Amino acid sequence: MSDIFINTVLTLDASVRVCIPLIFASMAGLFAERSGVVDIGLEGKLLMSAFIAASAAVVFGSPWIGLLAGIFASSVLAMVHGFASITYKGNQIVSGVAINILAAGLTMILSLAWFRKAGITPTLKNDQRFLSIDLPGIELMDHVPILGVIYRELISGHNILVYLAFAIVPMVWWVVFKTRFGLRLRAVGENPKAVDTAGISVESLRYKALLIGGILCGIGGVYLSTAYNAQFVKDMTAGSGFIALAALIFGKWHPYKVLAACFLFAFLDAISIRLQGIIIPGIGEIPVQLIEATPYILTIILLAGFIGKAVPPKASAQPYIKEL
Amino acid sequence: MTRERRLSWINGLLLPFLNVLTAFIATAIVFILIGVDPIKATKILIYGALGYDEGLGYTLYYATNFVFTGLAVAVAFHAGLFNIGGEGQAYVGGLGTALVALYLNPALSAWIVIPLAISGGLLFGALWAIIPAYLQAYRGSHIVITTIMFNFLASALMVYVLVNVLREVGEMSPESADFIKASWLPFVHDVFASFGYKIAKSPLNLSILVALFFSGLVWFFLWHTRWGFAIRAVGKSNDAAVYGGINPKKIIIITMCISGALAGLVGINELMGVQHRLFLNFNYGYGFGGIAVALMGRNHPVGILIAAFLFGILYQGGAELDFELQNVSRDIVVVMQGLVILFCGGLEYLYRPILIRFLAPIEATE
Numbered sequence: 000m001s002d003i004f005i006n007t008v009l010t011l012d013a014s015v016r017v018c019i020p021l022i023f024a025s026m027a028g029l030f031a032e033r034s035g036v037v038d039i040g041l042e043g044k045l046l047m048s049a050f051i052a053a054s055a056a057v058v059f060g061s062p063w064i065g066l067l068a069g070i071f072a073s074s075v076l077a078m079v080h081g082f083a084s085i086t087y088k089g090n091q092i093v094s095g096v097a098i099n100i101l102a103a104g105l106t107m108i109l110s111l112a113w114f115r116k117a118g119i120t121p122t123l124k125n126d127q128r129f130l131s132i133d134l135p136g137i138e139l140m141d142h143v144p145i146l147g148v149i150y151r152e153l154i155s156g157h158n159i160l161v162y163l164a165f166a167i168v169p170m171v172w173w174v175v176f177k178t179r180f181g182l183r184l185r186a187v188g189e190n191p192k193a194v195d196t197a198g199i200s201v202e203s204l205r206y207k208a209l210l211i212g213g214i215l216c217g218i219g220g221v222y223l224s225t226a227y228n229a230q231f232v233k234d235m236t237a238g239s240g241f242i243a244l245a246a247l248i249f250g251k252w253h254p255y256k257v258l259a260a261c262f263l264f265a266f267l268d269a270i271s272i273r274l275q276g277i278i279i280p281g282i283g284e285i286p287v288q289l290i291e292a293t294p295y296i297l298t299i300i301l302l303a304g305f306i307g308k309a310v311p312p313k314a315s316a317q318p319y320i321k322e323l
Numbered sequence: 000m001t002r003e004r005r006l007s008w009i010n011g012l013l014l015p016f017l018n019v020l021t022a023f024i025a026t027a028i029v030f031i032l033i034g035v036d037p038i039k040a041t042k043i044l045i046y047g048a049l050g051y052d053e054g055l056g057y058t059l060y061y062a063t064n065f066v067f068t069g070l071a072v073a074v075a076f077h078a079g080l081f082n083i084g085g086e087g088q089a090y091v092g093g094l095g096t097a098l099v100a101l102y103l104n105p106a107l108s109a110w111i112v113i114p115l116a117i118s119g120g121l122l123f124g125a126l127w128a129i130i131p132a133y134l135q136a137y138r139g140s141h142i143v144i145t146t147i148m149f150n151f152l153a154s155a156l157m158v159y160v161l162v163n164v165l166r167e168v169g170e171m172s173p174e175s176a177d178f179i180k181a182s183w184l185p186f187v188h189d190v191f192a193s194f195g196y197k198i199a200k201s202p203l204n205l206s207i208l209v210a211l212f213f214s215g216l217v218w219f220f221l222w223h224t225r226w227g228f229a230i231r232a233v234g235k236s237n238d239a240a241v242y243g244g245i246n247p248k249k250i251i252i253i254t255m256c257i258s259g260a261l262a263g264l265v266g267i268n269e270l271m272g273v274q275h276r277l278f279l280n281f282n283y284g285y286g287f288g289g290i291a292v293a294l295m296g297r298n299h300p301v302g303i304l305i306a307a308f309l310f311g312i313l314y315q316g317g318a319e320l321d322f323e324l325q326n327v328s329r330d331i332v333v334v335m336q337g338l339v340i341l342f343c344g345g346l347e348y349l350y351r352p353i354l355i356r357f358l359a360p361i362e363a364t365e
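Chains as they are written, first to last, in numbering that gives the first Met the number 0: chain Y, 0 to 323; chain V, 0 to 365.
Mixed in with the good hints there might be a few duds.
Derived lysine-lysine pairs resembling BS3-like cross-links, with alpha carbons at most 25 Å apart [what the hints assert, rightly or not]:
1. V:Lys39 / Y:Lys116
2. Y:Lys177 / Y:Lys207
3. V:Lys248 / Y:Lys313
4. V:Lys235 / V:Lys248
5. Y:Lys251 / Y:Lys192
6. Y:Lys251 / Y:Lys313
7. V:Lys235 / Y:Lys321
8. Y:Lys321 / Y:Lys207
9. Y:Lys313 / V:Lys235
10. Y:Lys192 / Y:Lys116
11. Y:Lys207 / Y:Lys192
12. Y:Lys88 / Y:Lys313
13. Y:Lys177 / Y:Lys192
14. Y:Lys88 / Y:Lys207
15. Y:Lys321 / Y:Lys88
16. Y:Lys192 / V:Lys235
17. Y:Lys88 / V:Lys39
18. Y:Lys313 / Y:Lys177
For the record, the hints were derived by calculation from the structure and aren't laboratory data. Source: prediction; values computed, not measured.
Using the sequences provided together with the hints, build the complete structure.
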């Protein structure tokens with residue numbers, strides 16, 4: 000019994016760790032798509048931020064400078080996306096693809112130029128990283144059965160960015176559904192013409208949404224290279240940006256549902272490693288690849304409208320052209 | 000020059016040229032930032048790609064892959080669809096080719112085996128595109144999202160197939176057995192040798208003829224057949240197409256199947272032409288490269304051939320840069336791909352306002 004219990008807690012704990020970049024990236028995507036801009040470039044922004052953050056943390060010796068640098072790098076890419084898709088009304092998907100490919104190439108080229116090794120930064124020392132924090136009262140809680148383990152393993156012992164991620168979701172909900180900016184944001188994603196007629200700038204709203212997205216995605220990337228790992232390695236995002244996109248659709252562009260989808264996908268990732276080689280009675284061995292593919296399969300089924308329907312914001316992917 | 004003619008020159012040649020030029024200038028800036036002289040780098044790159052037999056062979060060999068994926072993206076673009084799944088379709092297409100080339104009777108003649116193996120690639124590539132196409136046409140799911148998902152599914156599927164099914168007993172690395180000899184496409188240097196000309200060895204093989212053949216076919220199909228017309232009509236205006244009696248749902252499925260089939264041909268060059276076995280990630284990067292090639296080539300087969308050749312030069316020249324200079328790796332090509340997609344795609348209208356302002360006084364005098 001206690002073995003299964005501890006294993007479950009540890010798997011959940013691993014899911015929390017995997018979940019964090021997904022949360023940041025999907026919340027970033029939420030702002031972009033709610034404003035009517037499709038953001039395929041989440042992956043690229045995560046990757047670029049991870050690299051720049053690790054580089055800055057090594058050079059300046061502080062994770063906080065890494066955090067700022069990562070956010071800056073990701074925001075720059077977000078603004079490039081905005082420049083192409085808002086100001087020049089280009090194809091949003093094409094410029095998103097460009098950002099992904101650009102990030103993949105630049106991280107390799109710059110790491111070679113700066114650190115003499117392609118696709119890798121020097122390992123970060125402990126004072127250059129975001130380390131886990133022990134919450135107060137662990138010793139006291141240890142005496143409590145079940146809750147003690149949960150408190151020690153699952154709730155305590157994460158770094159500050161993890162707590163930030165979980166704090167940001169209600170904030171996103173509040174901004175999107177309870178503020179004037181949020182109302183305008185949702186309106187501009189559904190019917191930009193109405194917003195324009197009301198005398199509010201569509202372009203400036205979309206730029207703001209992308210900038211917030213850039214900042215959030217940046218934090219996600221910083222987490223990957225300075226908290227979850229202790230360096231940048233080639234292609235370390237490994238599709239997180241796309242899984243976040245899937246989670247965004249799966250959660251139907253609603254912050255809490257998206258959070259649940261992120262956690263579900265992260266949990267699948269965490270158990271896929273543990274299920275390797277384990278034979279389930281009556282079914283046999285489940286191929287790891289099948290579990291890894293599950294987030295994508297679920298999203299496709301959802302998109303197809305077989306289990307509920309995912310309807311994106313109406314003006315999504317359409318550049319707004321003012322009538323004169 | 001009439002106004003229409005002048006505008007078509009500007010839209011068709013001048014603007015794309017300015018866009019490509021901007022992408023190159025941006026690459027030069029990247030070179031300067033990492034402390035490499037861009038002129039010296041260009042010289043190395045061009046010599047490495049075109050300066051000698053072997054380099055040219057490699058250049059054309061890389062270009063062949065880009066022709067296939069570039070055509071794939073372009074055909075879909077003509078119907079207004081963005082097929083971002085070339086990567087996955089190329090991968091699964093390779094499986095189709097491999098299955099034919101592994102399990103056909105080795106005694107058969109190459110004249111039977113090779114067309115069948117090519118058909119295997121076409122078929123599997125098309126199959127991998129048909130579900131996203133169906134979902135777009137009949138269920139309204141966005142093709143971009145579904146094809147991205149299918150890229151990941153393809154890579155999960157291929158790892159499973161290579162590790163658990165096709166890997167030979169006792170082998171460690173996830174790759175298939177060797178293809179039967181009859182499925183091997185001859186190397187160009189061998190073909191030349193059989194006529195008595197000696198040229199340097201390179202991976203360039205007869206797939207390049209397949210690529211040229213399909214470029215011609217796509218041109219004929221798009222501009223000289225009923226289906227091609229229907230595809231372009233749907234891409235230009237869905238409503239007008241419906242009014243003209245075209246069923247856009249059917250056209251979406253047909254277009255995506257053709258697009259997937261073309262991407263599925265990457266395996267012809269990589270597997271039948273060079274490696275003669277199926278292995279992990281043989282398709283790596285060509286699917287996305289195809290997007291850059293199609294955008295740069297303005298979705299026209301001639302433009303695609305030129306753009307694919309250019310990317311072939313970059314790929315091969317990039318390898319040479321890697322070898323010659325210490326602080327550049329061949330990933331500079333990836334940066335360049337990104338910049339080409341950005342400036343020829345996302346920012347394709349960058350120079351339009353300036354040109355309009357420049358042309359306005361000329362228009363006014365007429």
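Status of the hints after comparison with the structure:
no., hint, result
1, V:Lys39 / Y:Lys116, "22 Å, holds"
2, Y:Lys177 / Y:Lys207, "17 Å, holds"
3, V:Lys248 / Y:Lys313, "21 Å, holds"
4, V:Lys235 / V:Lys248, "15 Å, holds"
5, Y:Lys251 / Y:Lys192, "23 Å, holds"
6, Y:Lys251 / Y:Lys313, "13 Å, holds"
7, V:Lys235 / Y:Lys321, "21 Å, holds"
8, Y:Lys321 / Y:Lys207, "19 Å, holds"
9, Y:Lys313 / V:Lys235, "21 Å, holds"
10, Y:Lys192 / Y:Lys116, "50 Å, violated"
11, Y:Lys207 / Y:Lys192, "18 Å, holds"
12, Y:Lys88 / Y:Lys313, "17 Å, holds"
13, Y:Lys177 / Y:Lys192, "22 Å, holds"
14, Y:Lys88 / Y:Lys207, "16 Å, holds"
15, Y:Lys321 / Y:Lys88, "11 Å, holds"
16, Y:Lys192 / V:Lys235, "23 Å, holds"
17, Y:Lys88 / V:Lys39, "36 Å, violated"
18, Y:Lys313 / Y:Lys177, "21 Å, holds"
Going down the numbered hints, you'll see the structure goes against 10, 17, while the others check out.
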